[in-house]
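Asks: Use these hints to put chain V onto chain X, whose structure you have.
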Amino acid sequence: MKRTLPIALASMGAALGMIAAEPPPAPDRPLPDAAREARAQALFDGIRCVVCQHEAIADSPAVIAADMRGLVREQIAAGRSDAEIKRDLVRRYGDFVLFRPPVRAGTWLLWFGPFALMAAVAAAPLLLARRRRVEPMALSPEEEAQLADIVAQANLRRDPDAKPSDH
Amino acid sequence: MIVETGAFALILAFALATLQTGMAVAGRLRRSPVLAGAAQGAAIAAALAVAIAFASLIFAFVTSDFSVANVAANSHTDKPMLYKVAGAWGSHEGSLVLWCLVLTGFGAVLARARNLPFGLKTSAVATQGLLGVLFLAFAVFTSSPFARLTPAPFQGASLNPLLQDPALAVHPPLLYAGYVGFSVCFSLAVAALIEGRANSAFWPAWGRWVRPWALASWAFLTVGITLGAFWAYYELGWGGWWFWDPVENASFMPWLAGAALLHSAVVTERRGALAGWTTFLALLAFTFSMLGAFLVRSGVLTSVHAFAVDPERGMMLLAILGGTAGLAFALFAWRAPQLKGGGMFAPVSREGALVLNNLFLTAACATVLLGTLYPLILEAANGSTISVGPPYFALTFVPLMAVAFLILPAGPLLAWKRGDLKGVTQRLVVAAGLAILLALAGWLMFEPRRALSAAGVGLGGWLILGALAETAERTRLFRASPGETLRRAKGLPLGAWGTTLAHAGLGVFVLGAVVETGYRVEAARPIAVGEVVEAGPWTARLEDVRVVEGPNYLAEQGRLTVALRSGAAPREITAERRFFPAGGQTTTEVGLDFRGLDDVYVVLGERGRTAAGAPAWNVRIWWNPWARLIFLGPAIMALGGVLSLMDRRLRLGVGQRKAAP
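Line by line, the protein sequences give chains X and V.
Position 17 of the first sequence, counted from 1, bears residue number 17 in the working numbering, the numbering being contiguous throughout.
Position 108 of the second sequence, counted from 1, bears residue number 108 in the working numbering, the numbering being contiguous throughout.
Zero decoy hints are in this set.
Over the 10 Å line for every Cβ pair with chain X, so calculated as not near, a few chain V residues:
1) N115
2) A152
3) P166
4) F329
5) F446
6) G613
7) L639
Rough simulated footprint, nothing fancy, chain V against chain X, three-plus residues with beta-carbon under 8 Å:
8) 36-47
9) 51-65
10) 94-100
11) 107-118
Hint data in this document are derived by calculation from the structure and do not stem from the laboratory.
Every residue, glycine too, gets a C-beta built ideally from N, C-alpha and C.
Just chain X, with the same shape it has in the complex:
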C-alpha cells in the first residue's frame, strides 16, 4: 500500500516533531588535540551511562551520556589525569559508573575467584594422580613363565573379534 509523497513528507515532519519533543543531546565537540581526543575515546568505553541499560557513554544516545562525554573532555582539557577523572566520576555517580569494578574487600571474590578456582581445580587432579600412582614391580621368573604360558594358550584360541587376515 503506497501512500502519496505529500502525506509521507507530512508524517516525516510529524516524526521529526516528535523527536524534537525531547531535547536532542548536545552535539559532540571532539578535542582539537588528537592524542587527547584518543584518551577521551578510550575513557568513554569504560564509563557506563548512568540511565542506560549496560551501555557505555561511548555508545549511548542518551542526553546524560552526551553530558558525561562533555564532562570528560572538559577535564582532559583542564589537564587532569585519567585516574583523577575516574575518581571524580566515582565521587559523583558511585562505583556503578565504571565498567571496571574497583578491587576492594567486597570484590576480592569477583577479581580473584576465577584464578583461585582454577588453582583449586588444577590442584585436585594432581593430588589424586599422585595418590593413585602405582609403581609396577618386575615379574619373578615363575611369573614370567606363567605369562609365557598364558600367551601361548591365547595363540591357540581364536580371537572372536579378529579379522581372518590377522591369522
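Replies: Only chain V this time, still in chain X's reference frame:
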C-alpha cells in the same frame, strides 16, 4: 476459533506431558514395556499439541488478529510478513511457547530413539516429561499468549523495531534449539544417575548416546549466538559485536558448559572415564540455559536485551530452576560417588588434555557467571552497586582462554592413555614457527603497534595451524605420495575433520576478534552534503540525504561514497535513520561496506546544522579490520560440530554391527 484451538492444544500438551511423566515413572517401577511405550506415545503427542498451539499463534499473527492481546501488543498490519511471523516469538509469552515446542520436540525424538536400554530410556523420558510439565504449566497458567482482549483494538502496537531484522527473526529459534537441546543431555544425565552402574560397559555407551545431543545443541547455540552478535553489530549501530552484557553472558554460559561437555563426553565414550564429571556438565549446561531464561525474563538484570520485566514470573522461573537443578544436583551428590570406574590414564595423554580443556572451560564459565551475578550479589549483601563490563572480562576471561588456546593444538595430537610429549612438540614445531612469524607480521602490519594484539594474531594463527598440523600428520601430507595422502584423507573419520574445523574456526574467530578490537578506528563529526569524514585509510563522503518510505517506517536515507584516501576503489552505500510511527521509536540502519576481510561501517546520525547554518548530519564511521572473521569463525566451528554429528560412530544403530562374527 483457531486461537481457542491453540489455547486448548497448549493445555492438552500440559496434560499429555503430565501423563508422559506419570506413565514413564510407573512403567519404570513396574518394568512394564506397555506403560513405557504409552509414555513415549504421550511424549510424541505432547510435541504435536505444542506444535498445533504454536501454529495457531503464528496464524493469529499472520492474520493480525488484534483480539488476541499478545498480537495487539506485538504486531501491526503494516509490518512485513517475515516480522509478522517472527512476532510470534518476539514476546515473553510467544517465545515461551517456542521454548516448550523445542523441549517437547526433542523429547519426542528422545522417545523415538532406538538402542537405548529400557531403564535408561524410560527414566530419561520421565525426566524430559517432568521438564515439559513445569514449563508448560508456566506457559498455561501465567503466560498464555492466547488471552483475548475486549474490545479488540483497531491496530496493534507493533514489534520493537530493533527486532524487525532478518537475523533476529531466525536468531531465537536457533538459540532455543541450542538452549533447550541441552534438556535432553540433562534428562539422560538424570537417568544415568538413577540407572547407572559402576560397571565399565555402561558409561562408554552412555557417552555415545549423550554426545550427539550435546553436539547438536552446541552447534545450534553457536549459530544462534553468532547471529545475535551479528545483529547487535549492524543493527545497534555502536560498531561493536559483543558487549559482555548480562544477557549475552546468559547465552554464553550454556555454550561454554556445552563445549566442556562435548569434550568430556569423548573421554567417557572412548575410555569410560570421567563419568561423574560428564554427568555433572550435562546437568550444568541445561541449568545455565534455565538460568539464562530466568535472568532475561525476570527483570533482575538491566540489559539491552531483557524483555519481560515481571518479578512474579521471575519468581516462578526461579522456583522451576531451583527445583529441577536442586533435585538433579542432589541426586548427583548422592549417586556420583558410587559410579566410579573407567580407564586409567597418564597426565600427559589425550584424556589429560581433555581434562585440562574442561578445567579451563569451567573456570571461564565460572568467570562469566561471577561477572554476571556479582553486581546482584553485592547489592543484596551491602547495597553497594558496581558495574562489571568489558574491562573485567578482558583481565580475567581473556587470559584464561589465551592460556587454554596455547595448549589446545597439542590435545588432538596426543595418544590416548599415555601421550608422547616430545613427539607432539616435534610435530607442532613448524606450526609454532609459522605462528610466531604471523605475530611478527601482525606487529609490522598494523598501526599503532600493540604487543598484545600482535601476540593475539600469533595465537589465532597457532590455533589454525595447529589444527591443520593434526590433519597433515594423519594424512602424512608432504611425506607420502599425494595419492596416499588423498587416500588417508578419505579414510579419516568425519569426527576428525569436525575437530580440525572447529579448532581452526576458533582460530579464525580469535584472529578477527583480536584485530578488530585492537586496531579499529572510529571517527564522528557533523558533515553537510559533499563533505567527508575519515577513519584509518578510508573516507566517506555524504552524497545526498532523502526521505524514503518503508512498509512501516519513514527514513532519512543518506547516500555515501566510501573510498580510500587516495580516492581509489569508490563504492556507494546507504545508511538510514528509520522512524517507526507505530511505536514512536527510531532505529539506525548501518551502511556496511564489505572490503575483503574488513568492514567500513557508517552510521547516519541526527540532523543538525553546520556553523554556516547549512543542514548537516552527524556521521560516524568505523574501520573494523578483519571483522569478517569474527562471524566466519563461529560458522566454521558450527560446521565442525555438524560434521562430527554425521560421524558414523555417533549414529544410532551402528553399535550393533560389532555383534556380527
